[in-house]
Every structure is written in structure tokens, then in C-alpha cells.
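Trainee: Below, each chain spelled out in residue letters.
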Amino acid sequence: MELFLFVTFSALTVGSAAAVVWHPHPVKSALFLILSFFSMGGLYLLLQAEFIALMQVLVYAGAVMVLFLFVIMLLNLKPRGEDRAAFKVRVRWAVPLVLFFVGGVLTAVTGALARLAPAGSHGPDWVAAQGGNIRALGRLLFTRGLLPFEVTSVLLLVAVVGVMVLAKKERR
Amino acid sequence: MTEAVTNTGGDWLRLIVGLILVLIFSQLNALFLVWLERKVAGHIQLRYGPMEVGPHGLLQTIVDGIKLVGKELITPFKADKKLFVIAPVLVFMPVLVPFLVLPFGPELIIRDMNVGLLLIFAFSTFSVLAILVGGWASNNKYALLGAIRSVAQNVAYEIPLLLSVMSVVLMVHSFKFSELVMAQQRIWFIFLQPVAAIIYFICATAETNRAPFDIPEAESELVAGFHTEYSGMRFGLFFLAEYTNMFIVCAVATSLFLGGWHGPFGFSLGIPGVVWFLAKTYFLLFVLMWFRWTFPRVRFDQLMNFSWKVLIPLSMLNLLVTALVLKFV
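As you go down the protein sequences, you meet chains A and B in turn. Start counting the first sequence at 1; every next residue gets the next number (this note's numbering). Start counting the second sequence at 1; every next residue gets the next number (this note's numbering).
So that you can see chain A by itself, here it is in the shape it has in the complex (with noise of 0.2 Å):
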């Protein structure tokens, strides 16, 4: 059971996430992205991390993609015509600069989960000795991962306000 809902699961998620980048149309790519957002909370919820995919689906797949939705529903953008030259150089320019971006990502990300949680010490037994995931994150976040989470708070404040002073601008 466990390995087919993962199969399905990744599959969408992967499936979803090229039809993205594939559809012509901007409001259908948005969808499929939302689909693949959800099938990710999926592959949470089997790694027995429930607190991360409901978050996943209430902060991405909901909140962040609706106001996508929205934006690109108001700006009313025409599915957008084929041009296979231009998609050519896009397509060399795109390979190594994904490659380099998600290697980088990558090597940052299990470098800093090594040094913030080594392998096989936060596994399901010392989430279920903390007393649940929404405990056990609590927890993490506010002990040993206390400076990226209040770096990470500034940053979105830092966002917030940018929006403010550009909608102001543009108003007058």
C-alpha cells in the first residue's frame, strides 16, 4: 500500500511539475503546478511528517497558488504560440543553469539538515518520544534552528515592506 501511494504520488508530483513547464496555457501550467504542490504534501504525510504536508497544502497549494491563480487570471494571458528557435536557446541556456542551481540547493540543504539533524537521530521513534510532529518541529525550530527561522522571519518582513513602498509608488 505504502509503496503504491508513493509511486502514485511522485509520479504526479513529477508528471504535474513537467506539464507546468509543458502547457501553453499560463491558468492550466498554474493548475498543474497546485497538483503537483498537493501530491507533494502526499509524499509528506508518508514520511509521517503530517504537520509539513497539511502546511504544505494550506500555505502552497492553497494560499501562495491561489493568489498565482489570481494574478494570472486578472492579467488574462493568452496561451502563448509556438516559437521553436527561441525555445531551442532556452532550452541550452536552461539545462546547465538548472543543473548548477539544484545542485547548489541541494549540497546547501543536506549540508546544513546534517549539521541541524545528523541521519537517523530525528527518525519516527524520537518524534513519537517528543510527543507528536507538531511538538518535535516546535521544538527543533525554536532551539536548534532558532537563527535560520528568525533570519527567515526578517527576510519575509523585509518582502513585505518592499511591497508596501512599490504598491504606494505606483499609486500616485
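These aren't lab readings, by the way, just hints derived from the structure by calculation. Please read these numbers as outputs of a predicted model, since none were measured by experiment. Beta carbons are placed, not taken as given, at the ideal position from N, Cα and C, and that holds for glycine. Warning: the hint list may mix true and false statements.
Unchecked claim - Covered, in the sense of this in silico footprint (three residues per stretch, anywhere, with C-beta under 8 Å from a C-beta of chain B), are these stretches of chain A:
#, stretch
1, 26-35
2, 49-56
3, 94-108
4, 131-140
Starting from the structure of chain A, add chain B where the hints point.
Mentor: Quick look at chain B alone, frame taken from chain A:
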């Protein structure tokens, strides 16, 4: 929740029986609520409401439902066909999920998850998504305007909604419905968290697009809002989802602020928990309908200002005070 994935055997039976019961219940609930709505509306306006079919018109909505099933499904020529068809399904699926965790009684929770409360809010955002998809796919000005209003409203009111709920969660230290209800055995949280309760109920009214916050389907300006182009049972599904959503927000309000299956101040008076729970939930539903015929519809700017400038700061303050009191008193 992961148990649902890994445990096999007897649990499956429980899940399947639960699912069938939920399906039956949500249909009956919607039928009853539509009847109640028309009755309440009638009596508030000094009319009788439906009287012809069945005693006091009780069978009226069943007949209406059959009529709805028989109607032609019209897809507008310029609509986005696939999304237009998917949207009603998309709006109805997520409203069934919360029934998994709603605490109807001490023994009547299909699955008492430790993230139960979050599950409800995670899936409630999907109905907005479905409304947006349906409104856009109709390729109709009024539908799109209704959908856009719906999104703006839901995004604005979800923040104070979650913040007000969080102050209760802080007091109980749990997202689990059974624990949230058990904590109210002696005193209901509406007495300890009156501000949060009021904010929650206002936001819940807005989240379900009910009057006075029904601008997404304001019939005097937008024809019917996001479901203008929908006919037959496709419209029926939007309708069904709306009424089921109303039941869910009221059921959550009951279990968070009105003591769930407990009687007042620990007196159960020998009445079973399910009856207490349903009585309180349907009372809140009656209040929702009462609202509709009491308050005039708000303007869009009033609606936005009220959420961003009043409800959000107030609910944040409430959360802060709760946290300080819990820490130092």
C-alpha cells in the same frame, strides 16, 4: 493520519463505513438546511415559506433536488470546457474531508488526528480555488468578478480566522479535536475567549460567502456571481458545497468554543453527546441565517477595511494577550 496509510484491517471497514455515512449525512444536511433557510427567511419576513410539499414544506427541497438533477447541463460555447466541468467537482470534494476529524461525540470521530484542526483549514482553501477556476472558466464578466471578489475576501478573512483559532490551540496545547473538546468539560471556551469566538464567527460567515459578506454572489450587481453560467446539478454541487461548508464552520465553532459534545458547565442532563453537538451546531447555523436577514450587504471596501484594519490587529492582540496570560499567570 499516517495510521490511515500504514494500518490495514479493521480500520479500513471503519473508514469505508464512515465515508458512506458522511456522504449520506452531507446530502441530508444540505437538504435540511435549504429548507430551514427558506423557512427562517419566510418567518422573518412574516411569510410561511414553503408549505405545499409535505408537512410544512419539509419535502420541498427533495423535489427541488430532483428537478435540479433533471435539468440540462449547459456549457457556454466560449467557456474553457475541461475546467468548467471540473470546477463543481473540485468544490465538492474538499468539503467532505473535514468530516474525517469532526468530533460528533466522544466515540464518534472517524479519525482523531493530531493535526485535525489544521486539516480542516488546509482543505477549506480548496473551495476558493474551485470558485476561482469555475468563475474564470465560465468566460463571463460577472462570473470572473464574483470569483475575484471571493478570493480577495477569503484571503483577507482567513488570517483572523486562523489567528483566533490559534489562541484556543495555545490554551489546550493541541490541534487534536478530542483534546480540544475535553478541555472544555467544565467551562466552554466562549467564556474564556469571547473575542476569539466572535472573530471566528464573523470570519466564518465571510469564509462561507454568507450575507452580509455575500458580495461574491451579490445578485443585485453580479447576476449570480461565480456560478452565473452553471446549470443543473453542476450548480447543485456548488450549492451543496456551500451548505456543507456552513455546517463545517459551525461544527468547528461548536467544538472550539461551545464545548463540543459537553453540556454547559459540566451538566450533560443525561442527553447524549451527539445530540448536544448537533443541537449547538444547528443553533449556530440558525444564527447564520438570522444574520442574512438582519444585516444589509457590506460594500467591498468596507469588507476589506474591516478585515485588515480591525479583525487582524484585534485577533493578533488577542493571541498576544492569551500567550502572555498563559505564560505569566
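Trainee: Against each hint, give a clear statement of whether it holds in the structure.
Mentor: Hint-by-hint comparison with the structure:
no. : hint    : result
1   : 26-35   : holds (count 4)
2   : 49-56   : holds (count 5)
3   : 94-108  : violated (count 0)
4   : 131-140 : holds (count 3)
Taken one by one, the earlier hints fail for this structure only at number 3.
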